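There are 2 protein chains.
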Amino acid sequence: MAGKWTVFVGTLIGSVIIVLSENAATEIALRRRQILLQKELDMMPGSGMVLSDSELKANEIIMNMKLKELDFCFMNPQYFNFSKHFFDYNNEVNKSELFKLIQKMPKGAMLHAHDTGMLNADYVLKLTYWDNLYVCFNNNNTNFKFSKNQPNTACETKWQLMKEVRNASENVEKFDNDLKKIFTLVIDNPKDVYSDINTVWSKFQQYFINTDGLFTYKPVWEQYFYDTLKAARQDNIMYIEIRSVLPALYDLHGNVFDSVFTAQSYRDILDKFITDYPDFFGAKLIYAPLRLGNRETIKEHLSIASEIKEKLPKFFAGFDLVGQEDLGKPLKDFLPELIDASDEINYFFHAGETNWFGTNSDENLADAIVLGAKRIGHGYALIKHPVLMEEVKKNNIALEVNVISNKVLKLIEDSRNHPLASFLANGLPVVLSSDDPGLWDAEPLSHDFYVTFVGVASKHADLRLLKKLALNSLYYSSISNKDRIVHEFNIRWTKFIDDIVRGKW
Amino acid sequence: MAGKWTVFVGTLIGSVIIVLSENAATEIALRRRQILLQKELDMMPGSGMVLSDSELKANEIIMNMKLKELDFCFMNPQYFNFSKHFFDYNNEVNKSELFKLIQKMPKGAMLHAHDTGMLNADYVLKLTYWDNLYVCFNNNNTNFKFSKNQPNTACETKWQLMKEVRNASENVEKFDNDLKKIFTLVIDNPKDVYSDINTVWSKFQQYFINTDGLFTYKPVWEQYFYDTLKAARQDNIMYIEIRSVLPALYDLHGNVFDSVFTAQSYRDILDKFITDYPDFFGAKLIYAPLRLGNRETIKEHLSIASEIKEKLPKFFAGFDLVGQEDLGKPLKDFLPELIDASDEINYFFHAGETNWFGTNSDENLADAIVLGAKRIGHGYALIKHPVLMEEVKKNNIALEVNVISNKVLKLIEDSRNHPLASFLANGLPVVLSSDDPGLWDAEPLSHDFYVTFVGVASKHADLRLLKKLALNSLYYSSISNKDRIVHEFNIRWTKFIDDIVRGKW
Chain W
1 MAGKWTVFVG TLIGSVIIVL SENAATEIAL RRRQILLQKE LDMMPGSGMV
51 LSDSELKANE IIMNMKLKEL DFCFMNPQYF NFSKHFFDYN NEVNKSELFK
101 LIQKMPKGAM LHAHDTGMLN ADYVLKLTYW DNLYVCFNNN NTNFKFSKNQ
151 PNTACETKWQ LMKEVRNASE NVEKFDNDLK KIFTLVIDNP KDVYSDINTV
201 WSKFQQYFIN TDGLFTYKPV WEQYFYDTLK AARQDNIMYI EIRSVLPALY
251 DLHGNVFDSV FTAQSYRDIL DKFITDYPDF FGAKLIYAPL RLGNRETIKE
301 HLSIASEIKE KLPKFFAGFD LVGQEDLGKP LKDFLPELID ASDEINYFFH
351 AGETNWFGTN SDENLADAIV LGAKRIGHGY ALIKHPVLME EVKKNNIALE
401 VNVISNKVLK LIEDSRNHPL ASFLANGLPV VLSSDDPGLW DAEPLSHDFY
451 VTFVGVASKH ADLRLLKKLA LNSLYYSSIS NKDRIVHEFN IRWTKFIDDI
501 VRGKW
Chain Z
1 MAGKWTVFVG TLIGSVIIVL SENAATEIAL RRRQILLQKE LDMMPGSGMV
51 LSDSELKANE IIMNMKLKEL DFCFMNPQYF NFSKHFFDYN NEVNKSELFK
101 LIQKMPKGAM LHAHDTGMLN ADYVLKLTYW DNLYVCFNNN NTNFKFSKNQ
151 PNTACETKWQ LMKEVRNASE NVEKFDNDLK KIFTLVIDNP KDVYSDINTV
201 WSKFQQYFIN TDGLFTYKPV WEQYFYDTLK AARQDNIMYI EIRSVLPALY
251 DLHGNVFDSV FTAQSYRDIL DKFITDYPDF FGAKLIYAPL RLGNRETIKE
301 HLSIASEIKE KLPKFFAGFD LVGQEDLGKP LKDFLPELID ASDEINYFFH
351 AGETNWFGTN SDENLADAIV LGAKRIGHGY ALIKHPVLME EVKKNNIALE
401 VNVISNKVLK LIEDSRNHPL ASFLANGLPV VLSSDDPGLW DAEPLSHDFY
451 VTFVGVASKH ADLRLLKKLA LNSLYYSSIS NKDRIVHEFN IRWTKFIDDI
501 VRGKW
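Listed in order, the protein sequences are those of chains W and Z. Position 254, counted from 1, in the first sequence is what full-length UniProt numbering calls 254; the numbers after and before it change by one each time, with no gaps. Position 106, counted from 1, in the second sequence is what full-length UniProt numbering calls 106; the numbers after and before it change by one each time, with no gaps.
A few of these clues could be false.
Note that the list lumps identical chains together, so a pair holds whenever it fits in one copy or between two copies.
To be verified - No farther apart than 25 angstroms at their CA atoms in a straight line, the calculated lysine to any residue pairs in the SDA-like style are these:
1) LYS191 to ASN90
2) LYS68 to ASP326
3) LYS218 to PRO386
4) LYS191 to TRP356
5) LYS393 to MET43
6) LYS126 to CYS155
7) LYS230 to TYR277
8) LYS394 to LYS482
9) LYS39 to THR359
10) LYS174 to SER47
Simulated from the structure, these hints should not be mistaken for lab results. Predicted, not measured: the structure shown is a model, and the values here were computed from it.
Throw the hints in and build the complete structure from the sequences for me.
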């Protein structure tokens, strides 16, 4: 029996050949097992981090919470929420002590978030109480328009003043609840209703179509962004990068403003917000029009991007294309235009937000890499692309992973199967984000951190992973000088840790 | 704009620095894209294969079928079966021309299959028509026993002669349909009924408990194995390796036989089968008792394995442990015993058949590797273990992947998320198998090949992947001299290809 085991001795202690007792063979096997598994733990983001004494204490508290949740569910998988649809357990998340703790945690930056997908249906409903709002109930959708007089734009039925419709309704609470349904994807029996990816995407896109006239009213647009920043700050986020299609805004005086103006209005609101909340570190814009049209359309988009960059150089972060990847145009269709602009404009492309292996949407990943993307939105399909995965690692391209979005938008059912588990195990550069959390009633980042920590990452992953993911979000952001924000992050982190240790969270 | 692109020029054509026109930059980007994607295609199993002219023609036919199915579902994902539960589309598989073609395809060997999980409920029902069968309907389960007289073993109600119960029933068809339910996992609304992994495993294990007295009756045991071989041959399989717990068999004369006898009876039936069907290439046994008990139990199992190996050296392939990995004992508990026997006995351990990242069941993968397993059963969790994945590749340990089993037994919902997609993309040594196809009414290998080819592998994967997977099953089998079987495989393959080309399949 010595034969096989001397090989390992050779590997471990040089070329000395010794005869092994049974015990020694077991010892060596155990040691080899440990080396293999340790090597993997060492690859996990944050593994190299040295924790302070306080952090070690906090880690113990956090890991006790995590293991309590996990061990119970391991024995009682019927209670393991992360194998269910998010809507089936979202209400229960608040019961978790660990979730509450993660809410308190400084989470750095939110880097993948869409303009009007940030705030929930309750918030949007309140906007419908604003003055001068008209509504048009069509057969298949609903339109809104702020106007001093009856709007003259198309309506299958007729434009009615929202206030009057609401007052005329028999039951205002019921009326509002019905209205709220068009401001959210949340629904009972989501698995039955959203039976496939196109069905849920259709409802998802319908939300943006329905709300267009509501959100593009300049005062609403500005308020919404202000409140997005507020929600982010409230969720212990210091900085955000917002993707926006930059729609044309309008006002009550018949003015219509272009995309550059919309960008400018974002920047003005940001300035106002930072004056009101000087502890917030800022925001940047990723101009992200729809992945539709032809090469000429993209050329125009890129020219708008250039103009914004010129006018708002500090606020502009880069460019992306959005919409359901499977049904939209692939990046390769616009390669000449995108390459042409690539020296001037930073790219943050959505790529691989698909389950269809070997299709154009899947291979958008290759294009994003070839186009020198700074970060990749989702990158869900990267797990099936070992060569591209190496490129991502080598070129230090961060993956903006949105675990809950991927569940709601039907890429995955059980969080434990999310490729993020492998991305983390492989030590890929990952940042967590939330995509459109308003549509599924999630916090800007807390839910995604919680699901990742308990439902995706290894049981062994601890405080170091959480800290590293938060730090990654700063490191891979478009902030030019990161010293100040990292310094402030560390101060807030230390306070967070102290609060945990003192039981004050 | 030249700056960024000259880097790629450097990589591609040496260190000549040239100024690029826009067109050239696009060309280079396209070329780089193509190189990256081609590099991945080159890693896929079978990519190195050179197809004959006939194979090229057959490939065109097969790829037309595959792309027709895929392209339709890409646009109409509500019809994409492989994102659904297997029970919700199994009846539709037969409509697929491609499936019928895959049934005809020589598939080599079936290497991961369990003794009494091979044949469907219709088959098992017929066994209940045998003479001398008694049945005992307990509250929570049903027991069977062949006996000349009323059995005297425990029964909550009373032992009744099956023939009499059936004849006394008001409606025999209904009676048989009810009885069949305990011989299958197939059910309406599987997603609701099998709400979590433990629920479905409990029903799964109950099947083996219920049928124990039925299958361990020596004549039934032997007939079942004979018919398993027949089903395999019918599905164009040439050779199988069967895992068995080797239960004690009994007969009508009060004899009870031990595990070694059960192994012997398998070998005798195999001999008989090969006499009847000399075109079948054989079978070997993997002794696979339950992953329960203590170190002493395992020692006894290993000693039985040794005895079988000594008595039936050509029939015995190796050793494994079976049962729900999460709830059973991890391999590391038995490391000393398993190491001790590892020079003598080949291992084919189940490992990583779990979604629980970082648990003992997950880390069974490390133990299987350290113990020098020849193949790994399932290896589902390997995708989360980059270091272990490297070891598997380096040591050429085949993964026995069972995609449909993993769906039915609740590891995965959508086949497109199955880690097999990544295993193939990474060029890992993979063989396809079916685990317990009788319980979900699948063919021995055809359904697993079909789901893999259309629902898991890249859209680009073609005939070469199918052929390579079939050849892998021979290469990674325990057949000592593989020349004869590979030669015969090639003859059958050529005939299969010719039949396709001539439209005669």
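Legend entry - Violated constraints from the hint list, given by number and in increasing order: 3, 10
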